[in-house]
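Asker: What follows is each chain in one-letter form.
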Amino acid sequence: MTAPMLASGPHTHTRFTVSRTMLTVSVALAPATLFGLYQFGWPAIFLFLVTVISAWVFEVACLWIAGKPIGPFARDGSAILTGWLVAMTLPPYAPWWVGMLGAGIAIIIAKHMFGGLGQNLFNPAMVARAMLLVALPVHMTTWVPPVGILDGPDIWQALAITFAGSQEYDVVSSASTLSHMKSQLGAGATMSEIMPGLADLEARMIGLVPGSLGETSTGLLLLGGLLLVGMRIITPVIPLAVLGTIAGLAALTSFVAPDRYAPPILHLTAGSTMLCAFFIATDYVTSPVTAAGKLIYGVAIGALVFVIRTWGAFPEGVAFAVLLMNACTPLIETYVRPRVFGRTRTGKPLPVKKSKSPRGEKK
Amino acid sequence: MTLPSIASLLRPSQYFTVRGGVHPETRKNLSSESAIEDMPIPSLLRIPLQQHIGAEAEPMVKRDDHVLKGQLIGKARGPVSANIHAPTSGRVIAVGHFAAPHPSALPVPTITIRPDGEDTWGPRLPRLRPENATPEEIAAQVAEAGIVGMGGATFPAAVKLNLRARYDLHTLVINGAECEPYLTCDDRLMRERAEDIYDGIGIMARALGVRQIVVAIESNKPQAIAAMQQFDRALGIPSRVQVVPTQYPMGSEKHLVKTITGRETPARALTADLGVVVHNAGTAHAVHLAVRYGEPLISRVVTVSGRGVKRPANVRVLIGTPVAEVLEHCGGLVEDPDRLLLGGPMMGQPIQNRRVPVVKGTSGILALTAAETPDRDTMPCIRCGRCAQGCPVGLTPFELNARIQSGDLEGAVKIGLLDCLTCGCCSFACPSNIPLVQTIHYAKGKLAEEEGRRHQQEEAKRLAAARKAREEAAAEAKRQMMAKRKAEMAAKKKREAEAAARAASAETPPDQAPTSQPQTAQAESTRDGGATQ
Ligand code: SF4
Ligand code: SF4
Chain A
6 MTAPMLASGP HTHTRFTVSR TMLTVSVALA PATLFGLYQF GWPAIFLFLV
56 TVISAWVFEV ACLWIAGKPI GPFARDGSAI LTGWLVAMTL PPYAPWWVGM
106 LGAGIAIIIA KHMFGGLGQN LFNPAMVARA MLLVALPVHM TTWVPPVGIL
156 DGPDIWQALA ITFAGSQEYD VVSSASTLSH MKSQLGAGAT MSEIMPGLAD
206 LEARMIGLVP GSLGETSTGL LLLGGLLLVG MRIITPVIPL AVLGTIAGLA
256 ALTSFVAPDR YAPPILHLTA GSTMLCAFFI ATDYVTSPVT AAGKLIYGVA
306 IGALVFVIRT WGAFPEGVAF AVLLMNACTP LIETYVRPRV FGRTRTGKPL
356 PVKKSKSPRG EKK
Chain B
3 MTLPSIASLL RPSQYFTVRG GVHPETRKNL SSESAIEDMP IPSLLRIPLQ
53 QHIGAEAEPM VKRDDHVLKG QLIGKARGPV SANIHAPTSG RVIAVGHFAA
103 PHPSALPVPT ITIRPDGEDT WGPRLPRLRP ENATPEEIAA QVAEAGIVGM
153 GGATFPAAVK LNLRARYDLH TLVINGAECE PYLTCDDRLM RERAEDIYDG
203 IGIMARALGV RQIVVAIESN KPQAIAAMQQ FDRALGIPSR VQVVPTQYPM
253 GSEKHLVKTI TGRETPARAL TADLGVVVHN AGTAHAVHLA VRYGEPLISR
303 VVTVSGRGVK RPANVRVLIG TPVAEVLEHC GGLVEDPDRL LLGGPMMGQP
353 IQNRRVPVVK GTSGILALTA AETPDRDTMP CIRCGRCAQG CPVGLTPFEL
403 NARIQSGDLE GAVKIGLLDC LTCGCCSFAC PSNIPLVQTI HYAKGKLAEE
453 EGRRHQQEEA KRLAAARKAR EEAAAEAKRQ MMAKRKAEMA AKKKREAEAA
503 ARAASAETPP DQAPTSQPQT AQAESTRDGG ATQ
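Residue numbers (my numbering), protein chains in the order written: chain A, 6 to 368; chain B, 3 to 535.
Treat the hints as calculated values from the structure; they're not laboratory data.
Where a beta carbon is used, it is the ideal one built from N, C-alpha and C, also for glycine.
Careful: at least some of the hints might be erroneous.
Once the Cα atoms are required to be at most 30 angstroms apart in a straight line, the calculated DSS-like pairs of lysine-lysine come out as [said to hold, decoys possible]: (1) B:K480 / B:K494; (2) B:K495 / B:K446; (3) B:K480 / B:K496; (4) B:K446 / A:K353; (5) A:K353 / B:K416; (6) B:K77 / B:K64; (7) B:K463 / B:K480; (8) B:K446 / B:K463; (9) A:K353 / B:K448.
Some chain B residues flagged as far from chain A (calculated, every beta-carbon gap over 10 angstroms) [claimed, not checked]: (10) L70; (11) R116; (12) L127; (13) A269; (14) D275; (15) L343; (16) R388; (17) A390; (18) R487.
Work the whole structure out from these sequences, hints included.
Answerer: Structure follows, in structure tokens:
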């Protein structure tokens with residue numbers, strides 16, 4: 006059954022549209038991305054382009070195969086944004102096919118197999134990240150120091166790194182903050198011994214640390230996130246819930262056993278915490294719609310991230326945490342609904358209280 | 003945005019805004035500075051007999067009758083209906099059907115009058131002195147004048163004035179929110195006729211027997227607020243102006259009451275259950291004219307606006323004036339509008355036929371250009387939740403939409419379809435431009451249809467059952483009568499037999515009666531069987 010388009014209001018409309026929303030998100034992502042590209046140099050730029058372009062090509066191909074109108078969907082920017090987010094989470098010197106594979110997983114498997122825009126149960130970028138992490142653990146955890154575009158490989162060397170998998174350019178591979186911490190803790194070191202070996206807070210805020218292509222600059226990601234909140238693209242519920250829960254749990258554990266658990270500030274400024282809180286967990290399609298649902302969802306993601314990081318096998322748990330909660334979204338959605346005007350939470354009409362006094366009482 | 007005045011800052015209820023709601027561009031400045039002007043008498047008036055919620059009025063004139071201004075031409079039928087009066091003097095040229103001012107443009111019973119240009123008043127209603135009139139007299143006068151809610155709901159005002167009989171009322175809220183974009187007719191009326199409006203408010207307050215009056219005006223109308231703040235009582239009843247936030251749908255009755263009193267009207271109840279009655283500012287003005295001067299409701303202020311109109315204005319037009327003539331009065335159209343609407347852009351109705359008339363509930367005529375209206379490309383739902391955030395009722399429109407589209411009307415009802423105000427906030431806010439409220443309209447129509455059909459079936463069943471019961475009762479009565487007769491017969495026979503025995507005669511008893519009995523019994527049982535089948 007399809008409802009015919011009735012000639013009824015409203016005859017005016019908000020200026021927000023899907024492509025506008027996507028554009029705003031891109032603008033918010035841009036500072037952190039540009040900084041990451043600058044820090045990691047030409048290989049990162051090539052990898053980024055390969056990932057984004059292949060995401061778009063996969064999108065068009067899927068639309069074509071599914072027989073959907075290509076024009077409006079190809080222009081809405083959602084595929085580009087998905088590719089962009091996949092690229093943000095890749096190690097900067099990963100070969101081209103890793104980027105393409107990631108984009109393919111995200112667009113084909115996670116998005117179009119579920120029915121395309123708006124239908125996917127799982128966050129495409131996180132599906133790609135989790136699958137790559139499991140399938141290609143070595144490629145996905147090869148980190149390089151951020152030396153800046155001028156001091157890194159030149160264009161030719163970069164082409165060789167990205168497209169030929171060349172090992173010629175001699176890169177000091179280094180560990181990300183979280184993996185370094187995890188391995189050291191695993192080796193029995195205490196936090197106070199590990200801390201001096203980690204980049205300091207300032208470096209983590211600016212993004213002068215090894216890490217994924219677009220996740221290193223906590224400060225710029227926070228800035229972009231605040232822009233999203235300010236532009237009312239997202240509500241602050243999920244970011245606050247995620248960050249608050251991670252910080253809260255970290256504060257608790259590090260207060261109890263400061264030598265074995267990382268302090269909250271480290272959790273907040275390492276790995277994909279910021280990207281996750283503002284750009285990944287807030288994905289419309291895969292998160293609950295109501296504010297209360299968002300709160301539950303955000304708190305659960307924060308808790309899972311913390312648990313996986315602290316006790317799990319992987320140094321970073323964002324992808325798994327988000328995917329797990331994506332699966333719970335329909336459930337949250339069913340049980341957490343807004344209260345309807347004039348009704349109680351259970352859907353019964355509010356009791357009618359008749360005023361008793363003969364001429365009614367003053368309210 | 004204008005800053006609320008200091009006084010309103012001190013009032014905590016200022017901060018109780020409607021949950022949800024949206025902030026469409028108001029575009030009121032197109033017409034807010036044009037004073038109300040009277041439109042000359044048009045060449046033709048088409049007055050539909052149903053301009054209100056409830057039963058349509060009964061025509062009181064026939065073709066070729068000469069009518070005078072204010073003469074009753076349509077009489078209210080039933081308790082919820084409204085009188086209709088001739089807006090000017092002239093000749094009735096038709097009592098028939100004409101396209102309704104509605105998107106369907108279905109023909110509705112309409113009286114067409116060709117004005118004679120004299121504008122001669124007939125006898126007016128007797129004037130009332132509200133100071134010493136009883137509430138019933140006031141309500142009767144308002145009913146006589148055919149006044150309906152002027153905000154667009156068109157519910158007969160007198161019915162609402164009679165709520166006193168059943169509820170303990172303490173507050174009259176005057177709705178001057180005018181939350182629909184573009185519309186400025188109430189704004190202008192409050193600025194220019196504050197005193198008259200207060201008089202009308204006082205009259206209504208007396209009829210309702212309330213103790214206080216709150217005039218609610220959105221913060222984007224500082225002049226109207228100032229004008230209305232000149233008075234602090236209406237016919238001796240204390241009154242205050244409350245500035246409410248500029249937000250759509252602030253003018254929704256239950257939401258306005260929530261904003262002002264902080265109390266939520268229970269679902270399926272009336273604001274009267276809280277002791278509050280809401281009337282529109284324009285209605286107050288009409289009541290003032292009806293009670294003080296005996297003038298029935300024959301004209302109203304209409305905002306003519308939109309970028310498609312050459313000279314946006316607020317015009318007092320006679321009821322029945324064709325939309326085309328009103329547009330002409332305002333300089334005509336600049337370009338062919340994308341949409342021509344009656345009412346505001348959020349809930350107004352698009353019309354195709356420009357000859358349809360202005361009716362009592364027409365607050366605006368908008369000619370919107372393509373730049374002002376949304377484009378129609380829709381995208382799939384991205385679950386952004388803007389519709390749910392914008393819904394003032396707390397529904398999840400995207401879910402309603404999904405369920406309706408899949409044909410699951412019952413599921414849609416379960417998640418609140420019937421609580422929807424059809425305010426349109428969800429459609430407004432949807433970045434994918436999904437026609438959410440349109441789908442909801444469709445589903446509500448469908449439900450009403452099914453309801454009607456079910457009602458009909460039930461009615462038929464009830465009638466059949468009643469007939470059966472009646473027939474059974476008749477049969478039963480007959481049976482009893484038969485039994486009685488049989489008993490009597492038997493008694494008679496016995497008596498006769500005894501008499502015969504006593505007389506010791508050899509004559510046989512008459513055989514007429516015994517043979518007739520089984521026949522009737524058989525006929526009866528057939529009838530019984532027929533009824534139970
Ligand atoms: S506003 Fe539109 S796109 Fe967003 S959740 Fe509602 S229906 Fe879906
Ligand atoms: S039209 Fe109905 S569902 Fe949509 S916002 Fe208004 S009340 Fe909510």
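Asker: So, for every hint listed, does it hold in this structure?
Answerer: We went through each hint and held it up to the structure:
1. B:K480 / B:K494: Status holds; Cα separation ~20 angstroms.
2. B:K495 / B:K446: Distance ~71 angstroms between B:K495 and B:K446 Cα, so the pair is violated.
3. B:K480 / B:K496: Answer holds: B:K480 to B:K496 is near 24 angstroms, not above 30 angstroms.
4. B:K446 / A:K353: holds, 20 angstroms
5. A:K353 / B:K416: The given pair, whose Cα atoms are some 12 angstroms apart, holds under the 30 angstroms limit.
6. B:K77 / B:K64: holds, 13 angstroms
7. B:K463 / B:K480: With a Cα-Cα distance of about 25 angstroms, the restraint between B:K463 and B:K480 holds, given a limit of 30 angstroms.
8. B:K446 / B:K463: holds, 25 angstroms
9. A:K353 / B:K448: Within the cut-off at roughly 24 angstroms; holds.
10. L70: holds, 38 angstroms
11. R116: holds, 31 angstroms
12. L127: Per Cβ check, B:L127 is outside 10 angstroms of chain A; nearest 30 angstroms; holds.
13. A269: violated, 4 angstroms
14. D275: violated, 5 angstroms
15. L343: violated, 6 angstroms
16. R388: violated, 7 angstroms
17. A390: The claim is violated: B:A390 sits with its nearest Cβ about 5 angstroms from chain A, within 10 angstroms.
18. R487: Consistent with the label, B:R487 stays out of reach of chain A, its closest Cβ about 58 angstroms off (over 10 angstroms).
Violated hints, listed in ascending order, are 2, 13, 14, 15, 16, 17; each of the other numbered hints is respected by the structure.
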